[in-house]
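Read top to bottom, the protein sequences are chains Z and H. In terms of the numbering used here, the first sequence is residues 1 to 225. In terms of the numbering used here, the second sequence is residues 1 to 738.
Please note that the accuracy of each hint is not assured.
[Stated by the list, open to error] Which stretches of chain H does chain Z cover? Using the computed rule of at least three CB atoms under 8 Å from a CB of chain Z, they are:
no.	region
1	435 to 448
2	486 to 497
3	515 to 525
4	544 to 554
5	561 to 573
6	584 to 596
[Said to hold, decoys possible] Listed below are several chain H residues computed to face chain Z (Cβ distance under 7 Å; list not exhaustive):
no.	residue
7	665
8	713
9	716
10	718
For the record, the hints were derived by calculation from the structure and aren't laboratory data. Remember, predicted model here, so these are calculated numbers, not experimental data. Yeah, the Cβ is synthetic: ideal placement off N, Cα and C, and Gly gets one too.
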Amino acid sequence: MTADLIGLIVGTLLTLLVLSYILGDNPLYRLALHLLVGATVGYGVAVTVVTVLRTVLPALQNDSPDRVRVLIPVILGILLLFKGFPRWSAWGNFSTALLVGVGAAVALSGALLGTIIPQAAAVGSLDDWLRGGAYGLLNGFLVTVGTIGALLAFAFTVPRRPTLQRLWNNSVGVLGQMGRLFLLATFGAAFATALTASLTVLVGRVYAVVIGLQRLLTLLGMSSG
Amino acid sequence: MIYCPKCGTANRQGSKFCNECGGPLPTTGLRCPMCGAMNPTGNLFCDRCHTRLIPTERVLPEETKPEPPSPLKGISLPSVPLAEGGVGEEWLAELRAEAEEMGPAPEGAGVAPLPEGEIPPWLAELTAPAGPVAPKAPPPEATVPEWLAELTAPAGPVAPEAPPSEATVPEWLAELTAPAGPVAPEAPPSEATVPEWLAELEVPAGPVAPEAPPPEAAVPEWLTELEVPAGPVAPEAPPPEAAVPEWLAELEVPAGPVAPEAPPPEAAVPEWLAELEVPSRSSPEASVPPLAGITVPPSGEIPDWLREVQAAPQVQEGPPAKLPPIALVDVPTGMPAVPESVPPVLLDEETPIPAPGEIPDWLRAASEEALSEFGGLVPAEIPEWLRALQPRAEVGVEEEPAETEGFLTGLRGLLPIGRGLDMPATAQPSLPRAPSPAAVARAELLQGLLSRPLIASPMAAAREVQRPTGWALARFLVGVILLGAILLPMLIRLPLFGPPVAPTVEALFAVVNQLSSSIPVLVAWEYGPAEAEEMDRVAGPLIDHLLRQEARLVVVSTRPEGPAVAEVLLASRLADPSERPRRIANLGYMPGQAAGVRAVLGNLDDRTEVSTGLPASQAEAMVGVRSVADVGMVVVLAAQPDDLRVWVEQVSAARPDVPIVAGVSARAELMSTPYLTTGQIRGMVAGLTGGAAYEEKLDTGWGREYEYYLNSLGLAQIAVAALAVIGALIFLVGGRKR
Chain Z
1 MTADLIGLIV
11 GTLLTLLVLS
21 YILGDNPLYR
31 LALHLLVGAT
41 VGYGVAVTVV
51 TVLRTVLPAL
61 QNDSPDRVRV
71 LIPVILGILL
81 LFKGFPRWSA
91 WGNFSTALLV
101 GVGAAVALSG
111 ALLGTIIPQA
121 AAVGSLDDWL
131 RGGAYGLLNG
141 FLVTVGTIGA
151 LLAFAFTVPR
161 RPTLQRLWNN
171 SVGVLGQMGR
181 LFLLATFGAA
191 FATALTASLT
201 VLVGRVYAVV
211 IGLQRLLTLL
221 GMSSG
Chain H
1 MIYCPKCGTA
11 NRQGSKFCNE
21 CGGPLPTTGL
31 RCPMCGAMNP
41 TGNLFCDRCH
51 TRLIPTERVL
61 PEETKPEPPS
71 PLKGISLPSV
81 PLAEGGVGEE
91 WLAELRAEAE
101 EMGPAPEGAG
111 VAPLPEGEIP
121 PWLAELTAPA
131 GPVAPKAPPP
141 EATVPEWLAE
151 LTAPAGPVAP
161 EAPPSEATVP
171 EWLAELTAPA
181 GPVAPEAPPS
191 EATVPEWLAE
201 LEVPAGPVAP
211 EAPPPEAAVP
221 EWLTELEVPA
231 GPVAPEAPPP
241 EAAVPEWLAE
251 LEVPAGPVAP
261 EAPPPEAAVP
271 EWLAELEVPS
281 RSSPEASVPP
291 LAGITVPPSG
301 EIPDWLREVQ
311 AAPQVQEGPP
321 AKLPPIALVD
331 VPTGMPAVPE
341 SVPPVLLDEE
351 TPIPAPGEIP
361 DWLRAASEEA
371 LSEFGGLVPA
381 EIPEWLRALQ
391 PRAEVGVEEE
401 PAETEGFLTG
411 LRGLLPIGRG
421 LDMPATAQPS
431 LPRAPSPAAV
441 ARAELLQGLL
451 SRPLIASPMA
461 AAREVQRPTG
471 WALARFLVGV
481 ILLGAILLPM
491 LIRLPLFGPP
501 VAPTVEALFA
511 VVNQLSSSIP
521 VLVAWEYGPA
531 EAEEMDRVAG
541 PLIDHLLRQE
551 ARLVVVSTRP
561 EGPAVAEVLL
571 ASRLADPSER
581 PRRIANLGYM
591 PGQAAGVRAV
601 LGNLDDRTEV
611 STGLPASQAE
621 AMVGVRSVAD
631 VGMVVVLAAQ
641 PDDLRVWVEQ
651 VSAARPDVPI
661 VAGVSARAEL
671 MSTPYLTTGQ
681 IRGMVAGLTG
691 GAAYEEKLDT
701 GWGREYEYYL
711 NSLGLAQIAV
721 AALAVIGALI
731 FLVGGRKR
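Only chain H is shown next, with the shape it has when bound in the complex:
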């Protein structure tokens, strides 16, 4: 049985498709994807071409395995507006819908705060203190940590900071960071320290001119909005457009002091966003817009979440916590209203558009680095986000097998390769069954018969039979005993048996006696010379009786020798041969067995009389006889039971009203008695005993001969019975030897 891998239904062996679900069933062998050869189950490699049959697991390089993004707290990610009807975050759509319904929230008014017990922990961390918000008051320098001070934009012009030391900031970061204020050209890293691929990404060492910002197409819009007006800029010439990659240009922040007097317009930057001042340095955090609804705590108060970030700067290893839909919870009063829309991101065609809520790899890496390990990078260590960009050769990825059949021949990767898909449902090997003992015996018998030499003649076969010693003597003794039993009554008149008793003869005698004179009687003569010795003693008295009744006998036979035997008996029984044409019509042999009997029953005059050669219709004994319906009785003289059966069946079917009587041999008596019981046979004389009884009824002078016959027959039967008993005793006493 093959079990469907889809629905588990058991299918017949050899099935290709499931009988229940129609799904393809695994075959019992493995087809080589290259050469198409069928291989036995369990092969790892093709027997013909040595192609691997069982695909290994797809091995991804260690470096390319995606790592779970780190959770970001308090940072809103850049996103694109949801497409109409597109697949987007439902929670964001609901958030917008609710915001639209609520209308522009009044400043300082928020959603009703949740009770203490209903606020989830994560929200509790995000919620700001309930006091009045003073966004424009930065925290005092004493309470704000140093790293946070770097994130917050100074109120006045930012003094150019000294670049981090070589021990703390790697070279790549130094190259990526735009110097505040006039940037002195730095020497490029040596070839030994910077890999070649990184050299392609490196920024030209020339000073950046703040007056020549990157084109609008290269800088996203939301980044543009976050852009701080440039302060005094170093006079260095801007790098050529072709030298700066696009993705690096997106990260690039105009250098120079930030002019606090030129805040972003109100329409472009929401008020709450303006409270989060962007640092002058192009850190990854600077490119991330703040999370909607989060307000900067008042000066001197550090929120819990920020405190946690400060206390535990390491990056979390676990899976990212999904940012909960903010709109689904009630924001405490005092929190800023949710902006109507997130500022879109302007991306060029080559920049992959992140899915809503998805953090780009470069941004995630940058944010993680900045949040957790800012300033703590190990020298010469390639950050992970940059390592992902490293070109590498494909390692260990097996090519999908090509289709070898059908119209998809030659195409690869159409059907997935799964372990166990090609494995048979039943892994039991089909071993050839051992032949049964009976089959082996039959085969040996057939082999023995075929190996035997052909027998030339039956005589040779008889000679091959090994007779036991004394077999011929025993057979001779049996013959002598039988002959003695038969001859003894002829030599010595012994009154061994009385007058024969045959009850059926009485009925037959009465029926024949009722026949009127000259009535035609159809006589079926169904015995030959081999049975004449018995049947003549049966048929003789009956024929005598019929002739005595002046009946006209119409004789027919289905056996070729029947008419001749009939002629002999009729000639001997007819006292006056001159009366033969008037009394007897022998219609001869009638072929066809049952069909012949049926045919002759309807056309008795359509035959030829044997003795005269004239048509039956012209025979004197056939006057007025055309079919079985014209006869007064049907007499069947049959030595075999089948002959009597055929005649009884056909006459009963053709003319049930015509009486049937029978004279049969002793052999046919047993099978003829049921017809006598049913009345289909009105009377019957059977065997020598019946003939003798009929002869005695007629009293024609043949009694002496019948007496001899009956005595001889009786003694012979006794002798046979005695021999049978003796033989059985010898067999039982002497052992079961043949």
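The following block holds chain Z by itself, in its conformation from the complex:
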């Protein structure tokens, strides 16, 4: 009960400090912000160290074959620490290269097999759109025009020849403008979902503050329940 009460009070106060930003940038808001960032980073570091040490140290003490398997990552990790010292940062290049290379390779293969190819296949063909009736045709039209238009919206160059410029503006320019409309709609939807998520968090925090104040008043005997 005591821990919950302390947690409720601290949580309510920190929420009020954050909400004080309505009045503008102030030290209370910055205090809450620094606390959030510091606690998050500290907790992350603690979790990482504990997790890694708890995994690695026992393996190094054993005589099992896992000792060799763990020893190489430990050496690479130690070399990576040299990156913090400019004079010795070259010692960490191999570890950095390994991290970046392996990460890029895994991400690229995953993106190809997990996103690009399935999404491209899901766009469908003309037969699929025709079988879908009016909805299918509309979907196919939006997908085609939206994709091409969005790509051409980023065409910022024009030919030098005047005749090609007119042709370019009448074709690529128009599709680019349509693509910009698709982008506006997409960004609007993304903003709406992000706003919804933020409002949900705000609602939860306000709800938590209200609930916390009710509990505090109940504990203090000032509330009727």
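With chain Z's structure known, arrange chain H on it following the hints.
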């Protein structure tokens, strides 16, 4: 561009050699030939050493300019036989070849005459009358002019002639001419009248002894053949050898009367040549052998060409008419045969050998003088041929520049200097370009950024931002409106919104319902405390459903705070804490992002359980679970779309047959829907609305709280929309002020 002066190809600026023909290209500057300094185009003199850069035209002295030789008619020039295979006159070679083929022409027989119309005019002038030739009969004295009589040798002994008067013959000519008969010693010309250089050339005044002719080496052979036997000679002693120059000795003709009884031998002098009698005086014409094929007209008949010479004795000024190849035309019958060979000329080593067909300067001058102006010289006038011998200082000849680079350094005259060779192909000066306005703008921007003082802190930067009046009030009003919209449903229960509708929840609910009891489910907990307020309402109903299905939850997270947040929610959802080891295994934080996900998918038992600290392989909930292939479903609880993408990509790549369901925030819903369309995600619950719909499906008693949440969220969204519209109207009506 630099244009090649050789082939005209355009080359890039700065090229040294032509890209087409490889020839050197003119440089854009002028290199001083003396000091090697580069000078700009247009300089006449070097900026460093003041050496002239552009050479002037080579100025030849007026006196040394070669004049075109005068045409000579009817006179054959001395020549040397053509060398074997050497460069010679082709027409002469053809002439000889034809002559050899024809064999010795019979006397009096010639080549068939051309018709009247085919004979060129020049040949018509040269052709002799068709009548029989009487070479030995000289023309009568009455018809032969006086000057021609001098050219022809008298039949008998020549009487000594009186020297020409002083008014007609210059002194130099008097000195050069050998007196016929006894020559009286003459007084040398005075120093005032004879220049010094001429004095060196003058012949000693002593009498010439005909018995002592010049040595054979000094007299050319052809001249020797023309030599007339000496007649009575004056008893004067011959001049010493050293006093007579060699070239003058060549001109020298033995004086004295000519003995007609002693003609030259037949072998040495052709017959036709014998007909041209040599005068006794050493005139320039006497040294010229007659042209082959020309016969002396009979007595009393003067040929046309000779008549023209007599009528117009002046020297022609125009370019010399090339002597046509005689052998190429048919000579009329009666003309003498072409001699087999021209008598060679004996020359000493110092005498320049004239080219075939070329007339030496001294001979040309002498012949011109004799033919045209004989006897008409102006007193004290130096003839042109003699003037050419006058030594003179070099005037106005610029020295060739010396090479300043390479192994030829110091040598001169290796490369010709031509006007314009060093001039650049493009004479346009390269002026510095003015910077473009864009470049100037960028430079000013950079200068402005560098000139600005450094900002001490973000707070100071925030203070620098000048907020418009009422900004704080407007922000306060927005905050109050939002808080009012959120609190109002809590204070007053308003049935504003009906039950939530989420089509994707149905599919998710069906998938979870199909899970068998005690099946392991991998749960990716990808959100932290900041998103827990929303995500707990999304993940709570799904976790409840899984626990209700007796599934064993294997929790892992790529975010350090993920396992802690998971512990809080799991502890609150699990009704019996004693079942936790059997039902839940929290494997904790997994670093490495995509690579970490890929690694953990293959080695789930290689980790440590967070709550107990035991290896995952020893956890009760991990029995039979070693990799993702052993789990019945993968649940991704992600607040960010990238987290869901990483998990979907890696699981799809590793185990496509494992079903994936997702619980995402409202922010990640938009990016997660395509995976739901492709079937990579079997079901999805998104945002507070999705959680409320799932909660309603489960009917776990949390509906009242979700009702508050949804009403507050709905009112807040309306308030935000209203504020956005009002703000846009204010912006449009009040002007575009920030």
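Consistency of the hints with the structure:
1. 435 to 448: violated (count 0)
2. 486 to 497: Since 3 is at least three, the answer is holds.
3. 515 to 525: violated (count 0)
4. 544 to 554: With 0 residues in contact (Cβ-Cβ under 8 Å with chain Z), the coverage given for the region 544 to 554 of chain H is violated.
5. 561 to 573: holds (count 3)
6. 584 to 596: holds (count 7)
7. 665: Given a least distance of 5 Å, the restraint on residue 665 of chain H holds.
8. 713: holds, 5 Å
9. 716: holds, 5 Å
10. 718: violated, 11 Å
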